[in-house]
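Chemist: Could you build all of it, start to finish, from the sequences and the hints given here?
When we follow my numbering, the leftmost residue of the sequence shown carries the number 1, and every step to the right adds one.
Hints were generated in silico from the structure; no laboratory data involved. What you are looking at is a predicted structure, and each value in this text was computed from that prediction instead of being measured. Take the hints with a grain of salt, since some may be wrong.
[Stated by the list, open to error] Quick list of in silico lysine-lysine cross-link-like pairs, DSS-like style, CA-CA up to 25 Å:
1. K54 x K166
2. K54 x K67
3. K3 x K30
4. K138 x K8
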Amino acid sequence: MTKNYIFKVLISGDASAGKTSLLRRYVDDKFDESSIMTVGVDFFLKQVNFDSGKNCLLQLWDLGGQKRFRHLIPTYIRGARGALLLIDLTRMPEINNLLEWVNILRLYDINLPIILVGTKNDLEDLITFNDDYALKIKKRFNMIDYIKTSAKTGYNIKEVFNRMAKELIEKEEN
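Modeler: What follows is the structure, encoded as structure tokens:
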């Protein structure tokens with residue numbers, strides 16, 4: 001029996017973390033090194049079909065990462081069912097910045113499922129963010145997973161969104 005779901009998923013993180021690049025790779029299977037900064041919010045749709053007959057339409061909300069736009073974000077996040085928090089693996093994030101993002105994302109739902117997504121994994125020589133620290137962050141903020149990705153190569157892009165979709169379907173059915 002086919003079941004169809006619609007889920008709003010927030011894509012968040014600091015400016016230049018790779019949010020738009022990740023989304024363009026996932027939705028259009030394209031990578032553009034000269035991506036333009038998102039002002040406010042951008043919107044993408046992607047249908048996910050599983051062999052089990054459970055399908056979902058992901059409404060992907062690309063939240064602008066610059067601090068000067070953060071005050072706008074609460075108006076966009078109501079009704080979200082899940083979120084990705086992106087971190088650029090080549091820049092060590094400040095814990096206060098991560099805390100600010102988690103607080104924003106969980107403003108309306110304290111139990112909002114969040115996946116911590118490390119971006120730019122293809123830049124191996126420049127990576128400063130280590131897996132042990134990522135797993136501590138995941139645990140501290142009660143995130144459902146930590147996954148490293150590369151929008152440039154496509155590494156783990158589908159896996160991130162499939163993981164989120166499966167989590168949201170499971171949550172919906174229980």
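Chemist: Keeping to a limit of 25 Å between CA atoms, is the pair of K54 and K166 held or broken?
Modeler: holds, 9 Å
Chemist: With the threshold set at 25 Å, check whether the alpha-carbon distance from K3 to K30 stays at or below it.
Modeler: violated, 29 Å
Chemist: Hint check: K54 vs K67, CA-CA at most 25 Å. Holds or violated?
Modeler: violated, 38 Å
Chemist: So if I understand the rule, the pair passes when the alpha-carbon distance is 25 Å or less; does K138 with K8 pass?
Modeler: holds, 21 Å
Of the numbered hints listed earlier, those contradicted by the structure are 2 and 3.
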